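> With the sequences and hints as input, model every part of the structure.
Protein chains: 2
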Amino acid sequence: MSDKPIKRTVFILSDGTGITAETFSHSVLSQFESVEFKQVRVPFIDSHEKVDDAIRRINEAASREDGLPIAFTTLVNSELSARVKTANAMFMDLFAGFVEPLEQNLGVKSTHSIGKSHKGGTSVEYRNRIDAINYSLSHDDGQFVKDLAKADVILIGVSRCGKTPTSLYLAMQYGVKAANFPLIPEDFERGSLPSTLHSFRHRLFGLTIQPDRLAEVRHERRPNSKYASIEQCRYEVMEAERLMRMESIPSLSTTTKSIEEISTTVLQEINLERQMVY
Amino acid sequence: MSDKPIKRTVFILSDGTGITAETFSHSVLSQFESVEFKQVRVPFIDSHEKVDDAIRRINEAASREDGLPIAFTTLVNSELSARVKTANAMFMDLFAGFVEPLEQNLGVKSTHSIGKSHKGGTSVEYRNRIDAINYSLSHDDGQFVKDLAKADVILIGVSRCGKTPTSLYLAMQYGVKAANFPLIPEDFERGSLPSTLHSFRHRLFGLTIQPDRLAEVRHERRPNSKYASIEQCRYEVMEAERLMRMESIPSLSTTTKSIEEISTTVLQEINLERQMVY
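Residue numbers (the UniProt record's numbering), protein chains in the order written: chain A, 1 to 278; chain B, 1 to 278.
Errors might be hidden in some of the hints.
Identical copies look the same in the list; a pair holds intra-copy or inter-copy alike.
What the hints assert, rightly or not - Simulated pairs of lysine-lysine, PhoX-like, Cα-Cα distance not exceeding 25 angstroms:
#: 1; residue 1: Lys-85; residue 2: Lys-50
#: 2; residue 1: Lys-50; residue 2: Lys-38
#: 3; residue 1: Lys-38; residue 2: Lys-109
#: 4; residue 1: Lys-85; residue 2: Lys-7
#: 5; residue 1: Lys-38; residue 2: Lys-4
#: 6; residue 1: Lys-109; residue 2: Lys-4
#: 7; residue 1: Lys-38; residue 2: Lys-85
#: 8; residue 1: Lys-7; residue 2: Lys-109
#: 9; residue 1: Lys-38; residue 2: Lys-7
These are computed hints drawn from the structure, not numbers from a lab. Computed from a predicted structure; not experimentally measured.
And the structure:
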């Protein structure tokens, strides 16, 4: 083998947004770390013209590059699906192998309709989702304590430990009303949870973080402040973790975790059985 | 066929978060509208104990229900994957059919490592993503005009047309710095874009909405207000659309669209070639 790095253009071909295929391809391709992938998403392919345009782009890439392009497809329409496969690529059809066995198992035919996977503007699920996003936004960082009783979960932890992105993700992807509340030096001096939270203890989840990572994050925000000093970070993290232990609040370190991993753990621990809403 | 509705329990089995499999299953199962699916996500399956626990849960469901449970799996470890398949379910292995052909096409072996698909706490991608979320939060609803030059896109439109959720989604899933800016009656009286936006015209994208839908949404927020009246909504939408046409700003109606569909269109129109960051 030569030392030349392997490169491939990856096409995501969909009659909807292509987000399913994108998520999937991402997961599969991340298992080939030595290869450099250039991803091109071609969404909303719902006509012969758009298929032909996609074919042209694929063939261009094929003639320009060494290896065969890879194409992940989720085209429900079988005619368009067959047509696009005349392009010069390696096709990974995400539906082909799955829909038919499911039809047999379930004893019903699939509807072969596109764009069903996202719940649009007027469905109940969609409204709940938007409500949850608005809720999480207005209950970010303890700024609004009214309606805390409506929270599905309340994330607590020191400033900059990852509460805000996690709250927003939970709302966005799962329609979960996620409030978040900072633990601050005052709480540590008093040695107890903010009184506002006492009646919601069963809905609390703690996020924590390694002090050196916290110092890095805070430093970006307020360089050379006491707030960002490693001493302050060590103190706050130690005290916050102590409070969580004392109050038996389930918790997780966010240091090396993605928002998805943190959110998944929160849902599990709080026993929130939620499905993605989109 | 009897009139009894078809029901199935669907297991999502993963050694990571299971979000890939969940997205995928959602997309495939939405093509069987007449079936009632109950989805159970079992994430972080990384040991024999956890496999056995999953098997127990599947077999319980199988013995309790009429039809065979369906299990979508993304277990990279082949031993754990084989073991879980001894459970009493119909298995849909999302990796099996794809990784091997890819290995042949690329001429390299997959790393068979788990949890690679999410970029965790310390990667560059992850930091960009968190930066984008913070950016979009602080540039929500025109509240902060500093640093607008750093925006990848600035969404404009009347109050409650979907700017905030779209901005947050673009930041969360694509690391896109998405500001948003309301168009308000003052702008319509003056008949021009807010002056702050003039120098960023090439980065503007307009969201619009049907007046009756807008009235509904506003009514939930401020019942019986002038703000929520159908006359006011009609006026604002008409004027906003006129401004967008006048200034040749690309736009989209959000009325029946999901956040994913809106975001995908924005990325296309603004020619932002972005990959999912998680």
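> Compare the structure with each hint and give your call.
For each hint, the structure was consulted:
1. Lys-85 to Lys-50: For Lys-85 and Lys-50, only the intra-copy Cα distance (13 angstroms) is at most 25 angstroms; the inter-copy one is 40 angstroms.
2. Lys-50 to Lys-38: Within one copy only: 21 angstroms inside, 36 angstroms across.
3. Lys-38 to Lys-109: Answer is between: at 19 angstroms across copies they meet the 25 angstroms cutoff, but 36 angstroms inside does not.
4. Lys-85 to Lys-7: Within one copy only: 21 angstroms inside a chain, 34 angstroms across chains, cut-off 25 angstroms.
5. Lys-38 to Lys-4: within (16 angstroms within a copy, 48 angstroms between copies)
6. Lys-109 to Lys-4: between (48 angstroms within a copy, 16 angstroms between copies)
7. Lys-38 to Lys-85: This pair counts as within: shortest intra-copy Cα distance 20 angstroms, inter-copy 34 angstroms.
8. Lys-7 to Lys-109: Classified as between; 15 angstroms across copies, 40 angstroms inside a copy.
9. Lys-38 to Lys-7: Classified as within; 8 angstroms inside a copy, 41 angstroms across copies.
Every hint from the earlier list agrees with this structure, and none is contradicted.
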